[in-house]
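Undergrad: Chain by chain, the residues run as shown.
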Amino acid sequence: MGTRTRISSEEVVEKVHRLCMEANFQLNADVLDALRDSHKAEKSPVARDVLTDLVENAKIARECQMPICQDTGVAVVFVELGEDVEITGGRLHDAIHDGVRKGYKEGYLRKSMVAHPLARVNTGDNTPAVIHTELIPGNSVRITFMAKGGGCENMSRIAMLTPADGREGVINFVVETVRLAKANPCPPIVVGVGIGGTFDYATFLAKKSLLRPLGTKNHDTDTANLEKELLGRVNDLGIGAQGLGGRITALAVHVECFPCHIASLPVAVNIDCHAHRVKTVVLGV
Amino acid sequence: MPDIIHLKTPLTDDKIASLRIGNRVLITGTIYTARDAAHKRLVELADQGKELPFDIQNQIIYYVGPSPARPGRPIGSCGPTTSYRMDVYTPWLLAMGLKATIGKGNRSESVIEAMKKYKAVYFVATGGAAALLAKSVKKADVIAYQDLGAEAIMRLEVVDFPVVVANDIYGNDLYREGIAQYQRA
Chain G
297 MGTRTRISSE EVVEKVHRLC MEANFQLNAD VLDALRDSHK AEKSPVARDV
347 LTDLVENAKI ARECQMPICQ DTGVAVVFVE LGEDVEITGG RLHDAIHDGV
397 RKGYKEGYLR KSMVAHPLAR VNTGDNTPAV IHTELIPGNS VRITFMAKGG
447 GCENMSRIAM LTPADGREGV INFVVETVRL AKANPCPPIV VGVGIGGTFD
497 YATFLAKKSL LRPLGTKNHD TDTANLEKEL LGRVNDLGIG AQGLGGRITA
547 LAVHVECFPC HIASLPVAVN IDCHAHRVKT VVLGV
Chain Y
109 MPDIIHLKTP LTDDKIASLR IGNRVLITGT IYTARDAAHK RLVELADQGK
159 ELPFDIQNQI IYYVGPSPAR PGRPIGSCGP TTSYRMDVYT PWLLAMGLKA
209 TIGKGNRSES VIEAMKKYKA VYFVATGGAA ALLAKSVKKA DVIAYQDLGA
259 EAIMRLEVVD FPVVVANDIY GNDLYREGIA QYQRA
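Residue numbers (the working numbering), protein chains in the order written: chain G, 297 to 581; chain Y, 109 to 293.
Derived by calculation from the structure, the hints in this document are not laboratory data. Note that beta-carbon positions come from the ideal geometry of N, C-alpha and C, so glycine has one too. Just so you know, not all the hints are guaranteed correct.
[To be verified] Covered, in the sense of this in silico footprint (three residues per stretch, anywhere, with C-beta under 8 Å from a C-beta of chain G), are these stretches of chain Y:
| id | region |
| --- | --- |
| 1 | 113-127 |
| 2 | 155-169 |
| 3 | 173-180 |
| 4 | 209-218 |
| 5 | 277-290 |
[What the hints assert, rightly or not] With a Cα cut of at most 25 Å, we get these calculated DSS-like pairs of lysine-lysine:
| id | chain 1 | residue 1 | chain 2 | residue 2 |
| --- | --- | --- | --- | --- |
| 6 | Y | K243 | G | K401 |
| 7 | G | K336 | G | K398 |
| 8 | Y | K243 | Y | K148 |
| 9 | G | K355 | Y | K243 |
| 10 | Y | K158 | Y | K148 |
| 11 | Y | K243 | G | K407 |
| 12 | G | K355 | Y | K116 |
| 13 | Y | K116 | G | K478 |
| 14 | G | K401 | Y | K225 |
| 15 | Y | K123 | G | K407 |
| 16 | G | K524 | G | K401 |
| 17 | Y | K123 | G | K355 |
| 18 | G | K339 | G | K478 |
| 19 | G | K401 | Y | K247 |
| 20 | Y | K227 | Y | K123 |
| 21 | G | K355 | G | K401 |
| 22 | G | K355 | G | K575 |
| 23 | G | K407 | Y | K247 |
| 24 | Y | K225 | Y | K116 |
| 25 | G | K407 | Y | K224 |
So here's chain G without its partners, still in its complex pose (with noise of 0.2 Å):
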């Protein structure tokens, strides 16, 4: 163990609220670079119409202040949290709640949160967020927000393949998910797919792996000769930009892996739209 860093819950609430703004207000380079890319790669008016549509969307939402989609999301959190780090004045999943409530208010997001799912009664400040915690060496926090809207997030899937299924049963199944999906995820999407892990992991891994930079790869070669030949085959759908028909039917499919059961191939799909919003702040640093 190392030298002890102290955060501030107090300088949790105030980035994660900041995050939570930024994210609906600015869409990322990454994200705005291959819709930029998508518009000379595709080949359908209608699709090309729509892809300058939301280029200047985006453009319109950072000068006004506004939100890029009025889906403003599931507050979807991943902290990873450095093991010599220690949080004072409260604890660190209440300041992020803290945090979101603050941000959806101040920044006039939508409130998507419902307090029980067949009850459905707003919570009126879009808390619960989502929160996922590793633990990682060192004295730092690494807290990344996703507003995760749901409309993509109903086109999401799993499967328990079997081991005989192998790559091909993986490809199947991430490309019958976009065919079901059409236009309901707002594409172009992003693919996130979890192989591996076990029934849970696998979707966690699905949604970790849209966390990575557009236009990056995965580390290990197989996995992104994995990824691209993915994504050739879910342009080749034709879905395009809002299913209207196009080449471009996803911005990138990112793919994680992680042992699992000799039984077993997990293999989850979690879909976001193009709205990728995704916004990181490291603490103690």
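Once you've looked at the hints, dock chain Y against the given chain G.
TA: This is chain Y only, laid out in the frame that chain G set:
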């Protein structure tokens, strides 16, 4: 830009009959918002034979749950939500005289059939272009179900609100035709 159609509300049968899939349309006039929870309530009212909170005869419903308006602005960001979730309710409303819906994503066969039967159309607005679409909304008033927050029914006054005809009254489907043209698998 070619073939842009300017459409004023309320809609008439003549105007609707002239629309074809792929037409780009700029809507000016009054439209009503409703999404999941409001649809559930509307259809429950209709089922009980009660009056709806607005007269839907010849009207347009926009599937949207806007973000809150900043002070001094009529509305927040307001792009369409995915339409298929409303498919279960839509034929009911079309039977009651609703003439058009605005959303994103394709409709079910039963909605497409109902649009043919009741002479109604489905428009799509660009999903996620929510800040851009907000520029076309000049006024927004909650007229029912305030308790639903973003899902309340609003009356919007729009000017040149941009949409594309995805389903016309002749049973054509822009999604099906568009994808077939670019499919390589």
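Undergrad: If a hint holds in the structure, say so; if it does not, say that too.
TA: Quick rundown of the hints versus the structure:
{"no.": "1", "hint": "113-127", "result": "violated (count 0)"}
{"no.": "2", "hint": "155-169", "result": "violated (count 0)"}
{"no.": "3", "hint": "173-180", "result": "holds (count 6)"}
{"no.": "4", "hint": "209-218", "result": "holds (count 3)"}
{"no.": "5", "hint": "277-290", "result": "holds (count 8)"}
{"no.": "6", "hint": "Y:K243 to G:K401", "result": "holds, 22 Å"}
{"no.": "7", "hint": "G:K336 to G:K398", "result": "violated, 39 Å"}
{"no.": "8", "hint": "Y:K243 to Y:K148", "result": "violated, 29 Å"}
{"no.": "9", "hint": "G:K355 to Y:K243", "result": "holds, 13 Å"}
{"no.": "10", "hint": "Y:K158 to Y:K148", "result": "holds, 14 Å"}
{"no.": "11", "hint": "Y:K243 to G:K407", "result": "holds, 21 Å"}
{"no.": "12", "hint": "G:K355 to Y:K116", "result": "violated, 29 Å"}
{"no.": "13", "hint": "Y:K116 to G:K478", "result": "violated, 31 Å"}
{"no.": "14", "hint": "G:K401 to Y:K225", "result": "violated, 45 Å"}
{"no.": "15", "hint": "Y:K123 to G:K407", "result": "violated, 37 Å"}
{"no.": "16", "hint": "G:K524 to G:K401", "result": "violated, 40 Å"}
{"no.": "17", "hint": "Y:K123 to G:K355", "result": "violated, 34 Å"}
{"no.": "18", "hint": "G:K339 to G:K478", "result": "holds, 18 Å"}
{"no.": "19", "hint": "G:K401 to Y:K247", "result": "holds, 22 Å"}
{"no.": "20", "hint": "Y:K227 to Y:K123", "result": "holds, 11 Å"}
{"no.": "21", "hint": "G:K355 to G:K401", "result": "holds, 22 Å"}
{"no.": "22", "hint": "G:K355 to G:K575", "result": "holds, 17 Å"}
{"no.": "23", "hint": "G:K407 to Y:K247", "result": "holds, 21 Å"}
{"no.": "24", "hint": "Y:K225 to Y:K116", "result": "holds, 23 Å"}
{"no.": "25", "hint": "G:K407 to Y:K224", "result": "violated, 36 Å"}
Hint compliance for this structure: hints 1, 2, 7, 8, 12, 13, 14, 15, 16, 17, 25 are broken, all remaining hints hold.
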